[in-house]
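Given chain H, work out where chain U should sit, using these hints.
Protein sequence lines correspond, in order, to chains H and U.
Numbered per the numbering used here, the first sequence spans residues 1 to 776.
Numbered per the numbering used here, the second sequence spans residues 1 to 242.
FYI, nobody ran anything at the bench for these hints, they're computed from the structure.
Hints are supplied without guarantee of correctness; some may be wrong.
Stated by the list, open to error - Partial selection, computed: residues in chain H whose CB lies under 10 Å from chain U:
hint, residue
1, Y396
2, C417
3, G549
4, R551
5, K681
To be verified - Examples of chain U residues toward chain H, derived with CB under 8 Å:
hint, residue
6, G37
7, D51
8, S95
9, I101
10, K108
To be verified - Computed cross-link-like contacts, EDC-like style, restricted to lysine to aspartate or glutamate with a CA-CA straight-line distance of at most 16 Å:
hint, chain 1, residue 1, chain 2, residue 2
11, H, K404, U, E110
12, H, K766, U, E70
13, H, K688, U, E71
14, H, K688, U, E70
15, H, K766, U, E72
16, H, K688, U, E113
17, H, K404, U, E113
18, U, K92, H, E393
19, H, K161, H, E106
Predicted model only: the values in this text are computed from it and were never measured.
Where a beta carbon is used, it is the ideal one built from N, C-alpha and C, also for glycine.
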Amino acid sequence: MKLLLNLVYKDFKRNKVITTTLTVFLMISTIFMAGGLRVAGTIISSMKGLNELAIPPEYLQMHKGEYDENVFESFKESHEYIKDSFIVKMLDIRNTNIIYKGETLENSLMDNGFVIQNEGFDFLLNMDNEIAVVKEGEVGVPVYYAEDLGIQAGDMITLSKGNYTKNMTVSTIIRDSSMNAALTSSKRFLITQSDLDEISRHMGEWEYLFEFILEEGTSTALLEKDYIDANMPSNGVAITGSQLSIMNNLSHGLVAFIIITISILLIIIAVLCLSYIIRATLADENNTIGEMKAIGFSNKAIEKLYQIKYIFLVLIAGVIGYLVAIPFGDFFSSSVVMYCGNGTDEWMKWVFPLIGVILLSFLVIYRCKKTIHKNLKSSVVDLLRGDDRIKKEGHYSLPIAGFKNRNLSIALGELKCKWKEYVVIFFVFIFSSFLILLPMNMKNTVENPSFMTYMGVGESDIRIDIQYTDKLIEQKDAAISYLESDSEIAKYAIYQNSYVQLQNSNGEWEYLRVENGDGSVFPLEYIEGSAPKDEKNIALSYLNASELGKRVGDNITVSYGGEELLFNVSGIYQDITYGGKTAKANIDFEDKDVEVYIIYLDIKDGVDIEEKTLELRSILIDSKITPISKFVSQTLGGITDNLSLISGAAIVISLVLAVLITVMILRLITAREHSAIAIKKSIGFSNKDIRIQFAIRILLIQLVAIVVGTFLANTLGELIFGMILSFMGASEIRMLIEPVKSYLLSPATQLFLVFITVVVGSNVVKSYHIRDQIIE
Amino acid sequence: MIKVEKISKSFKDTKVLQDVSFDINKGDFVAIMGPSGSGKSTLLYSISGMDNINSGKVMFEGRNIGEMKEEELSDFRLSKMGFVFQNPQMLKNLSVFDNIILPGLVAKKESAENIRKRGLELMKKMEIEEIKSRDKSQVSGGQLQRASICRAMINNPEILFLDEPTGALNSEATDQVLKIVGLLNEDGMTIMTVTHDKRVAAKARKILYIIDGQIAACKEFSVDTDRETELDEWLKGLQIIA
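Only chain H is shown next, with the shape it has when bound in the complex (with noise of 0.2 Å):
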C-alpha cells in the first residue's frame, strides 16, 4: 500500500495540473451529483412528510353566504366513501385591515383568511411541523409572509377597522398543507376561538372550507358530482387534493425542477470530461505502459498500478463532494424546507447523494478500466511509437497564393485535422452557454410585462379585483365612474368573472371560470382561433381545451341558471391563473352571480405606475389594486426570485467550467503536442506564434459552441421552459431575450474568460525547448 501510495504521489508530482484539475473535475461532478439527489431527496421527504402531517383535504368547496349546517351533515352520513369531513369557518380579513410593522397588506394579492386549529384533518403546523396551538392574543402566520415580509415569532400584527384595533403577537409561523404555495390565494392565519370571535364582530366576512377526507380508491370526480347534485352550497371556487399538491409541486418543485435539470446537465459535463480526460492522460501515458509491458510488467499488473491512482482521486473526490454537497443541496432546498419542513424521510437526502456518489465512482473506475485495458492491446511497439494516433488524423494543405494570416491558416488545418480532439471542450462550451443562458432568458422572460398574455390576459398596466363583498356591483359602479373621470387613464376594460358547470370528459360535471367581458381593449395573442366573437362562442383555456378534448370549432354545452347553453369553441388561449382552467364567453351573468369584477387599466405616457396605483388605492379603499408586474411576480410566489439565484449560480458554475475545461485541454494538447511545437519553433514560429495558433483553436470551438448553445437556450430552452409552465396552462412560451445580455454581454465574458485562460494556460508553451523536446 505504501508503495502504491508513494506511486500515486510521484505522479501527482510529476503532472500536477493534470492531476488537480482532473480532481477537481470529479469533486465538481460529485458535488453536482449529490447536490440535486439532496435536492430531490429533501423535497420528496419535505412534500411527503408535511402531507403525512397535516393531512390536506382531498376536496374543498369555498362558500360564501348562507348555509344550512344540518344538510351537510346528512350529505355526509349519506355517502358512504366520506371518511370525515368538517367545515372550517374562515373570517376574511381585507388586506387594508391587516398592519405589520405600520403598513397594511394592500400590495399583498393574497386573501387572507383568520381560522382556529383544526381537528381531524387538515391541521396547520408550525415550524417543528407539530400541530400548532396559539393562546390568546397571539396569531400564527402563513409561512408566505414570513417568507415575503420577514415577519417573525415575536412580531406583532395589527387588525384595525374604524376605532377597533387588535395587536396580535405572532407565536409561530404556520405551514398550511392546502394553502402553502404561492399560487394558492388564499392564506390563513391561526388564532384562538375567542380572539375570532371578538374580531368577527368588528371587521371581517365569513368564509367557508367544506373540507372532506375519503375513503381509499374514491375519486374526488364521484364526490364533486355528488355534491353538485345534491345542490350544496358552492359559491366559491372547489379545489381538488390533487390541485392542491400541483400548486405546491409547482411553486417547490418548479425550482427543485430546474436544479435538478441544471443538475443533471452538469452531470454529463462532468461524465463526458472525466471521460475525455482519462482517455487522454492515459494516452499519454503509452509509453510508459509501452516500457513497462517491455520489461515484464503483466496486463494485470499495469491496470492495477493505473486503477489505484483513480481509485485514490475518486475517493478524495467523493468524500469532499458528498460534504459539499450537503451546504449546497441544503441552500437549494431552503426554500422547500421553510415551506414543508424536513419531512419525515431525511434519510432520502442523505442516501441518495451516496447512490449518486457511489454510482459516478463505479463509473469513473470502469471508464478508467476499460480504457487502459483497450490501451494494453497494443502492441509495445506501438505503445512505444503512438503510431496509432498519427493514423487517425488528417492532412490539411497550406494554402496555394501563400499565408495572409500564417497562425489563422495553420490553426484552421490543424483544427480541421484535430477536430476530434476538441468535441469535449466543444459540447461543454455548448452545454456551459446554454446553462447560462437558459436560466437567464426564463428571468427575462417572467420579468417582462409581455409576460401578463400568458396569464390569460393582454398587457396592461395595473388591475383592480373587486371581490367577494356584498357591495360588489357598487363598488364597480364607483371605480369606472372614477376611471371615467381620471384624464390619466389611457384605457380599461372591465370582465366579469362567475361560473357555469359544464361536462368533462368522463361526463361528470364540473365548474368553470369564465370571463365575460371586451377583449379587444386589451387583446390577446390566441394559440389557436381567435376572441369569442358574439354570444355563440367561447374561449379556452389551453390545459381546459386540452382537457376537456376541444379544438377551435367544436361545440361545448355549459349550464348556466339551470339553462343548458351551447357554444362554440372560438379560440384557444394560455392562461397560469386559476389552476390554468378557464375561459372566456359572453354570458350575460346575473349580478348575484359575479364573483369578481376585474378592471384592467392602461395609464397615459409619463404617469408612474407606482403613485397611480397608490392614489387608486387612497380613492377605491375597498378594492384590490395591483400593479402587473407585482401581479405577475405575486402569482409566480418566489419563482423568480429562486430564478434570479439560480441564473447567478448557472452563471458562476457555468464560467468556472468553462475556464477548467480550458485549462485541462490547453495542458493535454500541449502536451500531446509537444514535439510539433519543438518543430514549429526549430522552423521560426515564435512562442507567441504558437500561443496564437492554440488561442484560434480554443476560442473558434468556443465560438460555434457558444452560437449552438445559444440557438439551444432559444429553442430546446424554449421548450424546457414551455414544458414546466404547460403544468400550469401555459403550453407556447415564448422566450423573451434581453439581446444585450444574452447576445453580446454573456457570449463576450464567455470569450474574454476562455481568452485569459488560454493566454495564461498556453504560458507552458514556452518552457517547451526545441532541444528536450526533439531529443527526446
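The following block gives chain U in isolation, referenced to the frame of chain H:
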C-alpha cells in the same frame, strides 16, 4: 560568420560545456565529434540559439544571439538557419511537400509560387519528388531525412545545422544524405554537424573533438587528401591521448 566565445552550459550541477570557443567561417563544413554525453549536441543547440547558455557569447554575423528577443531569434532561425535532426521531424498533419515549403511561406521573402517552385526543385535535387504528397508515415527514413534537408534549405539559409543526420538511417540512406550534404557544401553552404559517423565527418573540412564539454582536439583537413584514412589515424591518436 559565427564566433563562439567561451560558452558554458550546465544542467543542474553537471557542467555540459565549459569555456568553448571557436570560429566558423562562411563556406565552412564543421563536424563536432566526441563520445556519447560529451556535449556535442548541446554545443550545436547552443550555437543555433535553440538552447540557452549560462555564460559566454555566440556572435552570428556580429550579433550576439544570446541578447536577441525570442521573436527576433525565431525570425533569425527562419531566415538564416536551417536545421536537420537525427530523427527526421515533420508536422504530421501536412504532406511532405507542405512541410518543406512551410518555412518559405511563413518567411514570405518570395512569392508563394516561387517557394513552391523551389520546393519542387529541391525535392528533385534530393531525388524525392515521388513522395511529395505523402505524409511522414508513408516514406522511408532516408527519404524523410532528405525532405528535412529540403525544408532546412527552403529559405536559402546562411548556415545548415545537422544533428546526427545519418544516425537513424541505414547504409543506403546514409549514402544518399552524405552525397547531398557534400554537394551543398560544394555549392558554398556553411554546414555544422554533430556526428558519430566517420563518413559524415570525413566530408567536413574541420573537426572539433569534444570531451567532457571542452574541445579536446581540432583538426582541419587539407582538401585533396584521403580524408577518411586521415580521420581514422587522427581519431586513433586521440584515443591514445584520452
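Evaluated hints:
1. Y396: holds, 6 Å
2. C417: holds, 4 Å
3. G549: violated, 61 Å
4. R551: Status violated, d = 59 Å.
5. K681: It holds, given that the least Cβ distance between H:K681 and chain U is near 7 Å, below 10 Å.
6. G37: Violated: closest Cβ of chain H sits about 12 Å from U:G37, beyond 8 Å.
7. D51: holds, 5 Å
8. S95: holds, 6 Å
9. I101: holds, 7 Å
10. K108: holds, 7 Å
11. H:K404 with U:E110: holds, 14 Å
12. H:K766 with U:E70: It holds: about 10 Å lies between the C-alpha atoms, which stays within 16 Å.
13. H:K688 with U:E71: Distance of about 8 Å is within 16 Å: holds.
14. H:K688 with U:E70: holds, 9 Å
15. H:K766 with U:E72: holds, 15 Å
16. H:K688 with U:E113: violated, 27 Å
17. H:K404 with U:E113: holds, 14 Å
18. U:K92 with H:E393: holds, 8 Å
19. H:K161 with H:E106: holds, 14 Å
When each numbered hint is compared with the structure, violations occur for hints 3, 4, 6 and 16.
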